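Peer 1: For this one, chain A is given, so just place chain B on it according to the hints.
Protein sequences, first through last, are from chains A and B. Numbering-wise, our numbering puts 174 at position 174 of the first sequence, and it's gapless, one number per residue. Numbering-wise, our numbering puts 348 at position 348 of the second sequence, and it's gapless, one number per residue.
Quick caveat, the hints were computed from the structure, so don't treat them as lab data. Fair warning: there could be bad hints in the mix.
Where chains are identical, the list cannot tell them apart; a pair therefore holds if satisfied intra-copy or between any two copies.
[Claimed, not checked] Listed below are the simulated BS3-like cross-link pairs for lysine-lysine, each with C-alpha atoms no more than 30 Å apart in a straight line:
1. Lys279 / Lys431
2. Lys42 / Lys95
3. Lys37 / Lys339
4. Lys66 / Lys385
5. Lys37 / Lys324
6. Lys114 / Lys279
7. Lys361 / Lys66
8. Lys4 / Lys324
9. Lys324 / Lys431
10. Lys114 / Lys258
It should be emphasised that the depicted structure is a prediction, and the values quoted were computed from it without experimental measurement.
2 protein chains.
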Amino acid sequence: MEKKVINLALAGFGTVGTGLARIIQENEDWIERRINKKLVIKKILVRDLTRIRSFIPGPEAVFTDKVEDILADRDIDIVVELMGGLDTALRLIQKSLENGMHVVTANKALLAEKGNELFSLAHERHLGLYYEGSVAGGIPIVQTLKNSLAGNRITSLTGILNGTANFILSEMTSRGQDFAAALNTAKELGYAEADPTLDIEGLDAAHKLIILIRLAHGADYPLSVLPVQGISGVKRTDVALAAEFGYVLKLIAQVREKSGHLQAGVFPALLPMDHILAKVDGPFNSILLKGNAVGPIMLYGQGAGDLPTGSAVLADIMALARDKARIDNTGFRERALPKAHILEPDLAVSRHYFRMTALDKPGVLSAVSGVMGEHNISIAQAVQKPGPEGRDVPIVFLTHRAPLKAVLQALRVIDEFNFITGPTVHYRILK
Amino acid sequence: MEKKVINLALAGFGTVGTGLARIIQENEDWIERRINKKLVIKKILVRDLTRIRSFIPGPEAVFTDKVEDILADRDIDIVVELMGGLDTALRLIQKSLENGMHVVTANKALLAEKGNELFSLAHERHLGLYYEGSVAGGIPIVQTLKNSLAGNRITSLTGILNGTANFILSEMTSRGQDFAAALNTAKELGYAEADPTLDIEGLDAAHKLIILIRLAHGADYPLSVLPVQGISGVKRTDVALAAEFGYVLKLIAQVREKSGHLQAGVFPALLPMDHILAKVDGPFNSILLKGNAVGPIMLYGQGAGDLPTGSAVLADIMALARDKARIDNTGFRERALPKAHILEPDLAVSRHYFRMTALDKPGVLSAVSGVMGEHNISIAQAVQKPGPEGRDVPIVFLTHRAPLKAVLQALRVIDEFNFITGPTVHYRILK
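Just chain A, with the same shape it has in the complex:
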């Protein structure tokens, strides 16, 4: 006998938890029409029981500050982990699975760090561990990779996966703000947290990329070896110069497949204005995929927020509620995914943007372009801008395609010249 009620325990009742509870209440009849079951929030785990809440779910919901109250409740079908953080969330998910409860989570950091062991545990117990809300808010990328594109080999995936970083870069582009001012605007508008480190240093995007690599390639790419560069060092000058050349600077998370090896990383890059991701502005996220059958596919939507992420979490809950016997956590049959074959990040080939700061004296351009030539880097465009009193002039080079390794070697040589008066700025250009 199928039961007609699905009991949920919410662990965490912040932005996303509250959003989820609101949607479940507002769309109750609609949800029942689709799954023929009633979703009931039975327990809510919070840190502070005395805190005043802006929204309280139905009368069945009991607030608690003890994890045991959830784990010991044999009526709970699905534990929804929305606390974030690593240790407590890890223990909660492990214990829930060990106790036979399905788990839905939006915890990207935890899945990036401990995904393989958690998916193995869920696999052994034949339980769901679902996570649509962990990547790109309401955009259905997890489902798309697990099911809709399942018959494709994904040859490349390029994402704008962090709304905070994208908002900051959009502000710097459209208003000419510097990084600090744009970050402040983001904080004022609620797009950046008090401590924005994870977002602006690219770590949040890295967590999401690890999850997407697992889904797209069925491989475990250790977070510790993923090259990650954030946007905290991005200068207004480079954003403006990029625009002059017809490019926009974005924080990109990318994985490409080359003969079974994966080339991945998170880095700021210049995108041509007519690139399909160039117009993804403000707090929006977007993912461009290429599959060997489907060709290019792009998904776009809000990458965060109470209701968009709540929508994704709800989709996972409904999938489990429809049929708890049909579990597909990773999209692959293995108990544990194999380690990724990793292509040396330095072997990545792309076009490049350089901005050198040099004394304005004869021979500078020739010396610098000479070093480029020695490293087999072909220059597509070079512009020397007038600087203050002839000192510290910016010299911008856009190159043709060259391996990152050669570029970094050339940069080391160039930055040794005594006429180079500041560190050279370097970004990749995506086509």
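Peer 2: Then chain B, alone, in the frame of chain A:
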């Protein structure tokens, strides 16, 4: 005991059938890694057994020109209907379901016309009737509506669903071609069929919209009452004038929900250049959805073609192969979906574009704008263009938001004026 082979019968071996067979062969190991089963094409139904084929699947595949050879084969798990057309395909799908076989189809016309009875039949037999390939090629819109956005009420859905029409309009926009020339280009490049009627008259987009309305709203909207306007009447002049005002003309399929009622239609419309769908060019498709939780979501990809559509068909096959007991054809629990509550199409409110052709004499602008005023239509912009020898000058009005009904009434009055020398052209403007 689960069996390790899934036997397929392909009914139809044209573009999509061949593409599907190619992907199944090329990605064989990848598919098995995901579903732990081997997909075997056992029968292929074709009209002409003597025709030379560009691609032949593995040795297990037997070609036949008799439907009975498929229906009588008790080893077939899934019948993949890629014949197109109505009568034969309908009988094949009905018989397949009656014989206990799952069905995957990309036949949008059939699902639009006979969807409700076919889904009822599949529901009664607990069999899958899957159709990801029927809408927007490789874009995972069916899955997204059925599962990922299942907890959302969809408040609006706006799609560019026909690649042929979109290619033609893109050519008219970018190269200034007239309709006939752009259609010829489309034919030469293989984007338009010899008889392009279904594509250019909006019927193909209408079929897809009916399917999307079913998925998004759980309602049966009869094709016969859907307002459909194609692009065969679109003039180069209007494409050029739209561009001058900052708009691009697209063939739009749209459904909006207003208090439980649906307002739907297929029509050419002006989109502002910065609209997220305005940059969808050539043979690409795109769908912009708004859900009451997820907010706006956009999906983009190739709307047709052997491999993109093959990718979608393969996703359906793999979903059934993974678990044939877990069937979800419509995304709703009912045996038959209820009839849609339809909002009178004339009540649609939007901005409007008019181009009148008038004699160049005093009082014309005042008379025309007077009629607009009487019908409560407020003018946002008006431009009178110089015409040949002062005759037949084009007068363009862009209005503020007004109901379609008032606009059509005003147009009837205006076209009665004796100084109006040709039929007035009218398009909606989407914001």
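Peer 1: Each of the hints needs a verdict: does it hold here or not?
Peer 2: Okay, the hints, checked on the actual structure:
1. Lys279 / Lys431: both (14 Å within a copy, 17 Å between copies)
2. Lys42 / Lys95: within (18 Å within a copy, 46 Å between copies)
3. Lys37 / Lys339: between (39 Å within a copy, 23 Å between copies)
4. Lys66 / Lys385: neither (63 Å within a copy, 74 Å between copies)
5. Lys37 / Lys324: both (13 Å within a copy, 22 Å between copies)
6. Lys114 / Lys279: Neither way: lysine 114 and lysine 279 sit 34 Å apart in one copy and 40 Å across, limit 30 Å.
7. Lys361 / Lys66: neither (70 Å within a copy, 83 Å between copies)
8. Lys4 / Lys324: Classified as both; 13 Å inside a copy, 23 Å across copies.
9. Lys324 / Lys431: neither (43 Å within a copy, 42 Å between copies)
10. Lys114 / Lys258: within (26 Å within a copy, 45 Å between copies)
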